[in-house]
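With the hints as constraints, model all of the structure from the sequences given.
Line by line, the protein sequences are chains A and B. Following full-length UniProt numbering, the numbering of the first sequence begins with 1 at its first residue and continues without gaps. Following full-length UniProt numbering, the numbering of the second sequence begins with 1 at its first residue and continues without gaps.
Note that these hints are calculated values from the structure, not bench results. Since we're looking at a predicted model, the values are computed, not measured. A hint or two may mislead.
Said to hold, decoys possible - List time: in silico DSS-like cross-link candidates among lysine-lysine, alpha-carbon distance up to 30 Å:
{"id": "1", "chain 1": "A", "residue 1": "LYS32", "chain 2": "B", "residue 2": "LYS85"}
{"id": "2", "chain 1": "B", "residue 1": "LYS72", "chain 2": "A", "residue 2": "LYS85"}
{"id": "3", "chain 1": "A", "residue 1": "LYS85", "chain 2": "A", "residue 2": "LYS302"}
{"id": "4", "chain 1": "A", "residue 1": "LYS302", "chain 2": "B", "residue 2": "LYS199"}
{"id": "5", "chain 1": "B", "residue 1": "LYS14", "chain 2": "A", "residue 2": "LYS191"}
{"id": "6", "chain 1": "B", "residue 1": "LYS393", "chain 2": "A", "residue 2": "LYS72"}
{"id": "7", "chain 1": "A", "residue 1": "LYS85", "chain 2": "B", "residue 2": "LYS393"}
{"id": "8", "chain 1": "B", "residue 1": "LYS72", "chain 2": "A", "residue 2": "LYS72"}
{"id": "9", "chain 1": "A", "residue 1": "LYS14", "chain 2": "B", "residue 2": "LYS199"}
{"id": "10", "chain 1": "A", "residue 1": "LYS85", "chain 2": "B", "residue 2": "LYS85"}
{"id": "11", "chain 1": "B", "residue 1": "LYS72", "chain 2": "A", "residue 2": "LYS69"}
{"id": "12", "chain 1": "B", "residue 1": "LYS14", "chain 2": "A", "residue 2": "LYS232"}
{"id": "13", "chain 1": "A", "residue 1": "LYS393", "chain 2": "B", "residue 2": "LYS85"}
There are 2 protein chains.
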Amino acid sequence: MELMLRNQEQILSKIATNDGHGENSAFFDGWKAYDTDPYHPTHNPNGVIQMGLAENQLSLDLVEEWVQKNQKASICTAEGANQFKDIAIYQDYHGLPQFKNAVARFMERVRGNRVRFDPDRVVMSGGATGAQETLAFCLADPGDALLVPTPYYPANDRDLTWRTRVQLVPVICESSNDFKITRDGLETAYKKAQEANIKVKGLLLNNPSNPLGTVLEREALAEALSFINEKKIHLICDEIYSATVFDEPGFVSIAEVVQEYPDCNLDLIHIVYSLSKDLGFPGFRVGIIYSYNDVVVNCARKMSSFGLVSTQTQYLLARMLSDEVFVDRFLAESSRRLASRHGLLSQGLAQMGIGSLKSSAGLYCWMDLRRLLKGPTFEAELELWRVVINDVKINVSPGASFHSSEPGWFRVCFANMDDDTMQVALTRIRKLVIQSISPEANAPRKQCRRSKLEISLSFRRLDEIMMTPHKMSPHSPMSSPLVRART
Amino acid sequence: MELMLRNQEQILSKIATNDGHGENSAFFDGWKAYDTDPYHPTHNPNGVIQMGLAENQLSLDLVEEWVQKNQKASICTAEGANQFKDIAIYQDYHGLPQFKNAVARFMERVRGNRVRFDPDRVVMSGGATGAQETLAFCLADPGDALLVPTPYYPANDRDLTWRTRVQLVPVICESSNDFKITRDGLETAYKKAQEANIKVKGLLLNNPSNPLGTVLEREALAEALSFINEKKIHLICDEIYSATVFDEPGFVSIAEVVQEYPDCNLDLIHIVYSLSKDLGFPGFRVGIIYSYNDVVVNCARKMSSFGLVSTQTQYLLARMLSDEVFVDRFLAESSRRLASRHGLLSQGLAQMGIGSLKSSAGLYCWMDLRRLLKGPTFEAELELWRVVINDVKINVSPGASFHSSEPGWFRVCFANMDDDTMQVALTRIRKLVIQSISPEANAPRKQCRRSKLEISLSFRRLDEIMMTPHKMSPHSPMSSPLVRART
Numbered sequence: 001m002e003l004m005l006r007n008q009e010q011i012l013s014k015i016a017t018n019d020g021h022g023e024n025s026a027f028f029d030g031w032k033a034y035d036t037d038p039y040h041p042t043h044n045p046n047g048v049i050q051m052g053l054a055e056n057q058l059s060l061d062l063v064e065e066w067v068q069k070n071q072k073a074s075i076c077t078a079e080g081a082n083q084f085k086d087i088a089i090y091q092d093y094h095g096l097p098q099f100k101n102a103v104a105r106f107m108e109r110v111r112g113n114r115v116r117f118d119p120d121r122v123v124m125s126g127g128a129t130g131a132q133e134t135l136a137f138c139l140a141d142p143g144d145a146l147l148v149p150t151p152y153y154p155a156n157d158r159d160l161t162w163r164t165r166v167q168l169v170p171v172i173c174e175s176s177n178d179f180k181i182t183r184d185g186l187e188t189a190y191k192k193a194q195e196a197n198i199k200v201k202g203l204l205l206n207n208p209s210n211p212l213g214t215v216l217e218r219e220a221l222a223e224a225l226s227f228i229n230e231k232k233i234h235l236i237c238d239e240i241y242s243a244t245v246f247d248e249p250g251f252v253s254i255a256e257v258v259q260e261y262p263d264c265n266l267d268l269i270h271i272v273y274s275l276s277k278d279l280g281f282p283g284f285r286v287g288i289i290y291s292y293n294d295v296v297v298n299c300a301r302k303m304s305s306f307g308l309v310s311t312q313t314q315y316l317l318a319r320m321l322s323d324e325v326f327v328d329r330f331l332a333e334s335s336r337r338l339a340s341r342h343g344l345l346s347q348g349l350a351q352m353g354i355g356s357l358k359s360s361a362g363l364y365c366w367m368d369l370r371r372l373l374k375g376p377t378f379e380a381e382l383e384l385w386r387v388v389i390n391d392v393k394i395n396v397s398p399g400a401s402f403h404s405s406e407p408g409w410f411r412v413c414f415a416n417m418d419d420d421t422m423q424v425a426l427t428r429i430r431k432l433v434i435q436s437i438s439p440e441a442n443a444p445r446k447q448c449r450r451s452k453l454e455i456s457l458s459f460r461r462l463d464e465i466m467m468t469p470h471k472m473s474p475h476s477p478m479s480s481p482l483v484r485a486r487t
Numbered sequence: 001m002e003l004m005l006r007n008q009e010q011i012l013s014k015i016a017t018n019d020g021h022g023e024n025s026a027f028f029d030g031w032k033a034y035d036t037d038p039y040h041p042t043h044n045p046n047g048v049i050q051m052g053l054a055e056n057q058l059s060l061d062l063v064e065e066w067v068q069k070n071q072k073a074s075i076c077t078a079e080g081a082n083q084f085k086d087i088a089i090y091q092d093y094h095g096l097p098q099f100k101n102a103v104a105r106f107m108e109r110v111r112g113n114r115v116r117f118d119p120d121r122v123v124m125s126g127g128a129t130g131a132q133e134t135l136a137f138c139l140a141d142p143g144d145a146l147l148v149p150t151p152y153y154p155a156n157d158r159d160l161t162w163r164t165r166v167q168l169v170p171v172i173c174e175s176s177n178d179f180k181i182t183r184d185g186l187e188t189a190y191k192k193a194q195e196a197n198i199k200v201k202g203l204l205l206n207n208p209s210n211p212l213g214t215v216l217e218r219e220a221l222a223e224a225l226s227f228i229n230e231k232k233i234h235l236i237c238d239e240i241y242s243a244t245v246f247d248e249p250g251f252v253s254i255a256e257v258v259q260e261y262p263d264c265n266l267d268l269i270h271i272v273y274s275l276s277k278d279l280g281f282p283g284f285r286v287g288i289i290y291s292y293n294d295v296v297v298n299c300a301r302k303m304s305s306f307g308l309v310s311t312q313t314q315y316l317l318a319r320m321l322s323d324e325v326f327v328d329r330f331l332a333e334s335s336r337r338l339a340s341r342h343g344l345l346s347q348g349l350a351q352m353g354i355g356s357l358k359s360s361a362g363l364y365c366w367m368d369l370r371r372l373l374k375g376p377t378f379e380a381e382l383e384l385w386r387v388v389i390n391d392v393k394i395n396v397s398p399g400a401s402f403h404s405s406e407p408g409w410f411r412v413c414f415a416n417m418d419d420d421t422m423q424v425a426l427t428r429i430r431k432l433v434i435q436s437i438s439p440e441a442n443a444p445r446k447q448c449r450r451s452k453l454e455i456s457l458s459f460r461r462l463d464e465i466m467m468t469p470h471k472m473s474p475h476s477p478m479s480s481p482l483v484r485a486r487t
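Structure representation (structure tokens):
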């Protein structure tokens, strides 16, 4: 492939021959490892378990039940087919009015009905992927930059910079502060960009955060609002995980906070939304831009021609999201199931003495394996990750791929599998930990790995811990001294 | 809006505040005129008739019948719902294997099974809109150019240049030659670009042509192939109207021609396809890139994340396009109905003495109103168009919006309405012609328009012609001396 690329550099674009899509990171390598050897309880019990995919599969049975009861929502049934023609030919980039209305109402419900969304500001895009790119095209010229707190979603690089030629400037967040975004951090990043002669056009916040699973509290949002207003730059709030909140602190949308600051320049505020995470429909490619800026709404809508939602899907979702009884039941049940699954994983990890950042949202834990690293470097992180993927056979995502500033953190997804698979995964992790602590307990062929996994002297003997199951609330992983990152 | 734009130029991107989307042309204005006053036989019989939309609605009843009989094709029915979860969460940018296979087979059938397509080279995109942009991103850097024969589809400017910053360089084609593409024309455009220091990266051919309705013959394709091979530039063949061919000469795909030229560099060949025109599903947003270049396939697939086809729609279409009995019936019947409708329009126009370019494909006629122009200028064309849209109340699209090099041509779409509406449209055009020839026959308030529509002296009295219905085959509009452009 590389030779081929070199040969074609003359005839193709720079974009086609550079690496801007970012797929050559470990984040994507892990997916490939899973793809070539996927775990299956009976057909491939030694395969790789996919914990690198932030997918919400826990409540799709509720949706399946709904579609069976609501066949009119399909234009491909006797009940709905009289709509087929009108829907198949509808290509207006404003979207079906009933779809836009239903999306606006759904976004309000997810935000506890504490805000109102104007359906005329709902712009479609090809998933959040398309939404992010569209906003970058609208807000920044090539070479301009957006500030992004670390750690952040790896594909932000692809979505926001690859074809737009915009840059991302990291705002460094650290475990000492629970990875919180501070005014100092924002100012430092902004200043650094200015010194490098880079024009900063906006700040991208991801709330709830992927990979952290934490939400931004009201004060943090207010601080960000004050910052972007002072600098006259945009604020993009990526709220695609808003309905995955399963514990306190709850979710506060930027839409709520702007209501409290009438002096805030609304032309600078834009929300990215999607139904891929909250409902678990990534295949349906529903991305949403909600902007308070009329010019951006107008321009983004024109750009939506590059990634409109299929009208077949718009029609189905318009009906589904308008069923308020269903929506309320789904949101409550989904939250309950996510809480339970999160408890299973974080408690399971805690019982092995593995910490994870306290979180209240998302489809993943931010797991702390710093003490398993040979040293505090990203090389050591990658080395550990290779053991996890090749020997433990779990695809988790290393912090480096999220631009984490500290080596040793891994994102572990928990909502794309059933309980049994989760138990198998926990058993595998337990073996890793035992092996790391006492390699002599393993078969001879494993001993060669000791050098790879040299253990920090301060690390407790985890087999002891594991003999003593902890009594923990699934929502209070703090009860183990090792379970949190900041111990 | 303009003031707003000026105020925001500082905070938004150049793309957001320039006019690169091209929606301010007459082509789109006509749509707006229709949108604000749409014709309806009973509710709004004096409204604007939409003949500016290349939509294929003539055979959707066949599809509707199919979906009712094949409810398993919907994941929202009792029969298909057990697939819901797997489909809703499928987000692999390779697409559902059964979808890619079905699309490749369908493309083969449309090309008379004279070529084979490899499903692994089928890349999805958000409609042909997304396909064109993706290819431009892959093949050309900002400032580079693609050659495009005129007249061409107005939204090429948006699709290929707006966000990519690539340029289009017109290859001038003229009515004296039936708008055929010549080697001279290609060389001239290429040379002109070189002289302006613009790097030409490719040639875009639209076959069958929108707006001409003509197909490129084998020799023309071979000539183009020789040209791009000599210059070592890409050839993008936009074949989205391939199944709308309803008469001889039939459709020849570039895929056939490359088979006959083994020396041709296949890395330079790319096909754009879509199901919006051939099947009449623009709402489903199915765009396809078929490239013979491995690097482009790879890169375009990564870019397809910005505009994947909804898996709900992939699943439906995989089933539908795999039903070969249905596909064959649909293709034959659709072609028959298009031929009949085309005959109705072109014959109707011919009976009024209005010429149109002889064509064998597409959902439109390229109508020659040069003799109704005040003078041979685009100002006069726009003036005539305003009369057509405001007084005659038909939205047709002026040649200028297709970058036509000769004023006086208009694209008239015929497949987005029923027969009755087509008859109303013909009656209205007839009135325009009579009024243009003998304004004294009209009510006094109409007389003021004479100056707007000063008639060429050589023009026959059309009311006479209309008294003498011609006997014509719907496929031989040449039988009237006035019916073709090149008389």
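Here's how the hints hold up against the structure:
In summary, the hint linking LYS32 of chain A to LYS85 of chain B is supported, as the alpha carbons are separated by about 22 Å, within the 30 Å threshold. Distance check on the hinted pair: LYS72 of chain B and LYS85 of chain A sit about 19 Å apart at the alpha-carbon level, within 30 Å; holds. Restraint check for LYS85 of chain A and LYS302 of chain A: the C-alpha separation of about 24 Å stays at or below 30 Å, so the hint holds. With a CA separation close to 28 Å, the supplied pair LYS302 of chain A and LYS199 of chain B stays within the 30 Å bound.
Annotation: proposed proximity of LYS14 of chain B to LYS191 of chain A holds, straight-line Cα distance about 24 Å (limit 30 Å). Among the hinted pairs, LYS393 of chain B with LYS72 of chain A is inconsistent with the structure: their alpha-carbon atoms are about 37 Å apart, more than 30 Å. For the hint linking LYS85 of chain A to LYS393 of chain B, the alpha-carbon distance of about 25 Å falls within 30 Å, and the restraint holds. A threshold of 30 Å between alpha carbons decides the hint, and for LYS72 of chain B with LYS72 of chain A the separation of about 15 Å falls inside it, so the pair holds.
Distance restraint check for LYS14 of chain A and LYS199 of chain B: the Cα-Cα separation of roughly 14 Å lies within the 30 Å cut-off, and the hinted pair is therefore satisfied. This hinted pair checks out: LYS85 of chain A and LYS85 of chain B have alpha carbons roughly 26 Å apart, not beyond 30 Å. At roughly 15 Å between alpha-carbon atoms, LYS72 of chain B and LYS69 of chain A fall within 30 Å of each other, so this suggested pair holds. As the CA atoms of LYS14 of chain B and LYS232 of chain A are separated by approximately 17 Å, the hinted pair is consistent with the 30 Å bound.
For the suggested pair LYS393 of chain A and LYS85 of chain B, the alpha carbons sit about 25 Å apart, so the restraint of at most 30 Å is met.
When the structure is compared with the earlier hints, a violation turns up for hint 6 alone.
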